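Participant: The chain contents come next:
Protein chains: 4
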Amino acid sequence: MKTSPLVIAGVTLRSRLFLGTGKYSSGAVMSESLAASGAELVTMALRRVRTDGGHDDIMSQLDTTKYRLLPNTSGVRDAKEAILAAELAREALGTNWLKLEIHPDPKYLMPDAIETLLATRELVKRGFVVLPYVHADPVLCKQLEEAGAAAVMPLGAPIGSNLGLETRAFLEIIIAQSRVPVVIDAGLGTPSHAAAALEMGADAVLVNTAIAAAADPVAMGAAFKLAVEAGRLGFEAGLAARSTKGEAHATSPLTSFLASV
Amino acid sequence: MKTSPLVIAGVTLRSRLFLGTGKYSSGAVMSESLAASGAELVTMALRRVRTDGGHDDIMSQLDTTKYRLLPNTSGVRDAKEAILAAELAREALGTNWLKLEIHPDPKYLMPDAIETLLATRELVKRGFVVLPYVHADPVLCKQLEEAGAAAVMPLGAPIGSNLGLETRAFLEIIIAQSRVPVVIDAGLGTPSHAAAALEMGADAVLVNTAIAAAADPVAMGAAFKLAVEAGRLGFEAGLAARSTKGEAHATSPLTSFLASV
Amino acid sequence: MKTSPLVIAGVTLRSRLFLGTGKYSSGAVMSESLAASGAELVTMALRRVRTDGGHDDIMSQLDTTKYRLLPNTSGVRDAKEAILAAELAREALGTNWLKLEIHPDPKYLMPDAIETLLATRELVKRGFVVLPYVHADPVLCKQLEEAGAAAVMPLGAPIGSNLGLETRAFLEIIIAQSRVPVVIDAGLGTPSHAAAALEMGADAVLVNTAIAAAADPVAMGAAFKLAVEAGRLGFEAGLAARSTKGEAHATSPLTSFLASV
Amino acid sequence: MKTSPLVIAGVTLRSRLFLGTGKYSSGAVMSESLAASGAELVTMALRRVRTDGGHDDIMSQLDTTKYRLLPNTSGVRDAKEAILAAELAREALGTNWLKLEIHPDPKYLMPDAIETLLATRELVKRGFVVLPYVHADPVLCKQLEEAGAAAVMPLGAPIGSNLGLETRAFLEIIIAQSRVPVVIDAGLGTPSHAAAALEMGADAVLVNTAIAAAADPVAMGAAFKLAVEAGRLGFEAGLAARSTKGEAHATSPLTSFLASV
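Which chain is which? The protein sequence lines are A, B, C and D, in order.
FYI, the numbering for the first sequence is -1 to 259, going by the working numbering.
FYI, the numbering for the second sequence is -1 to 259, going by the working numbering.
FYI, the numbering for the third sequence is -1 to 259, going by the working numbering.
FYI, the numbering for the fourth sequence is -1 to 259, going by the working numbering.
Chain A with its partners taken away, still in its complex shape (with noise of 0.2 angstroms):
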């Protein structure tokens, strides 16, 4: 049963779960639950990169013949702070495609919404695919798009909290006008909250401490991994309307039947 493939700045993904690389127990753990995953684009922050080349442990596992690198700029605090990150991401790993990611306040890891539409201007007239990280904040993110954002990447919870799509009324709305792709960012702690994002017409999520923080987060990679395919075919095959009257459809009772035998 295929579904439609996600295209974003003319690559074609066939994968519509993106991972994060941070919280791993070790760099094997990392590698293994990334195959079970079957995520083709894998994001790490500036920070994990050393500049003389070389990279931290986790990193050195990281295959990057299998994977699409999408460096994230965690860690910064406003539009130029960022740009510099970006432009050394792009030197170091060799990739133009960016999630941008401005986060002023350390405690809550929250979006700069000013500072992100700012840096997105600049970082796309230099040339980068931008996917940045925002609230899911309908008029931003039309914004972005306005500005030349490859995709936008909305939260559904506080990062991670795990609490799934506590923004929903609003990412429907984003769904519903955005013309680039939708990726659900933040906050969606298990398969399932990672199928109903997929089912309400979502383009992708990308999920990292769920898949790092379980149990077993190789067995969580796939279990994420089908849980995005059946999200997305569910999408595709037309979910049946919800109803809140409570009332079923009648059936005639057996009662004539019974005693008709």
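The set of hints was computed from the structure by calculation and includes no laboratory data.
Please read these numbers as outputs of a predicted model, since none were measured by experiment.
Accuracy of the hints is not assured; some may be wrong.
Intra- or inter-copy, both count: the list cannot distinguish identical chains.
What the hints assert, rightly or not - With a straight-line Cα cutoff of 16 angstroms, these simulated EDC-like cross-link-like pairs (lysine to aspartate or glutamate) come out: (1) Lys64 - Glu30; (2) Lys0 - Asp214; (3) Lys21 - Asp214; (4) Lys123 - Asp103; (5) Lys0 - Asp76; (6) Lys123 - Glu144; (7) Lys105 - Glu170.
Once you've looked at the hints, dock chains B, C and D against the given chain A.
Facilitator: Frame of chain A; chains B, C and D shown alone:
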């Protein structure tokens, strides 16, 4: 990635997805949807079984060599009718497995606790393998287990509503204390609902409307197959904890790193 | 702004808030909380009533000239024990009103459907005004009504959980089809939960833990009083419809207006 | 039972319920609903104010000696239009208080983060008391506070949707870190929604559709008045904790007690 098999009454089932046979547009569509879903256990209403040994159009499409039949008593209004229907089903279909459904009210099709417990006791005595469909009532589920039910089938939401796991708080108690398999039976409207049921530790789910009433029932059958596998695998892999505190794990700002480059 | 009164078994009650008497730090705090809540109907466990005619410290604070007592059978495990407890309560407290609670399981305190229906039938015969505490089970509530219950008391969430209206989908059905008052009885943790119960058409709510375990039980009693009045008034005023389409009503831009100034 | 007063920009408000003036069937109904609600702060769109000093039918019913006016810029699409509208409102209505609303999209009326921050900075310089309507975006709310906003007005759900506190996870963060009052501004559809907003620590709520579109707007205004008082009182009284473990506090069975009687 293998998950543990489900065993009901000594029978091992590879699939944790059970399917209904109502509401399909044709027998051919039903047949293909069943195949795509990977279901092994299939339920059908007794009233669809002709007592002359024949069947209606849809039932005649069901290859009974491929599926384990789970006749249900949908349409009966009390224990007495249920027992009569059960005996007829056993004779007509050659199986002692039974999904016991008793709903005196034709409007909401809500199950009757009292009659269901009475009928379960009698049917167990008569040698049936009884899977009763009931409210998500922890005390009743325990009583049914003590009465010899082979599994319990609490509902997730009103039948046909597609609302999902509305009874979650009670299903958690039922799952925690049950010694027989727990099969969530009504109201599951999307693949993600099914995944969520398995993630919380339900042993299986029964789905009908969500697949039969989908725009593409065959693809939806396949979507539910994946979702159920995803949910079970996620459950076995050990979900990461939810956080409602709203605080992310702090990361060190990139500022000093960027300054040092 | 007056709302319609509640009538149970021919008795008119001005307040739609019923209170429990458990878990208070002292009799004085309980007494003040009751006064602040405006409750008229107050429930207490039989085990707190001394059979020598005396009471424990807390119960002795209860001015029985101000409140209508609703003794409950909390702690009994079956119909037989419930009937014995009911008779003792009637004798000790001089009222034939009874909140019938039967929970065989001391861990979750979930009600027993079968024993509750049996006891209701017998207690009605014996002249009691029976208000049974049950699952949000629409068929059972109808059976209790037919058995002569003066009201039904379906639970909103597991007792003591403070989770709110987890059983909403089923309460809606119960309210739609009940001819006796529907009192939501467990799990209401905040004033807004109580307001929501009344808004959906419940006739009253019973609250205990949420008030008794608040930092300031007296103020919380007053808060629940207001919330219950708000919810009932909102119900009678006719709530505006929800919209899930996400589209606001378009307004004409001010642009031309501003240009014309 | 008194609750603490709300202070915005040095002005003490007795009521934590702010009302809009749109969608009423007549000026008389609006006027009565305002009175019943106890609101002191009332918002109205600039476009309803005639520049010749007159007003439309509805606005002429508004007794400006009783209410503090909060003109809003509904209908403007960017900061430039907002500033022009603000100046006109100040001149026409004689108040420097302003609810800043900028929504470029006429379909969903979602606020524009970037233009709202720009306009806030400029309007504060010009001596306005600015209350900006924004997404439930914690970073943006902090930036608005730093820009001199007198309060922040994050939305609860899409405007006019009556869905309630869909943004709860983000509102909690905003409330935790804000040093100016937090007023929840859109999507509150029932008295219980308003109560829940206050219970979680919001300083006030703004309601329009839910009252104006009720079957009986005057009674609904009174219902919201009670609900807001209930929610605030509940917040100050200290809500009891929720439990998701499902276990009730065990009670000792009455069995031995009954046996001993």
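Participant: Hint by hint, where does the structure go against what was stated? Just the numbers, ascending.
Facilitator: Going through the list in order, the structure violates hints 4 and 5 and respects the others.
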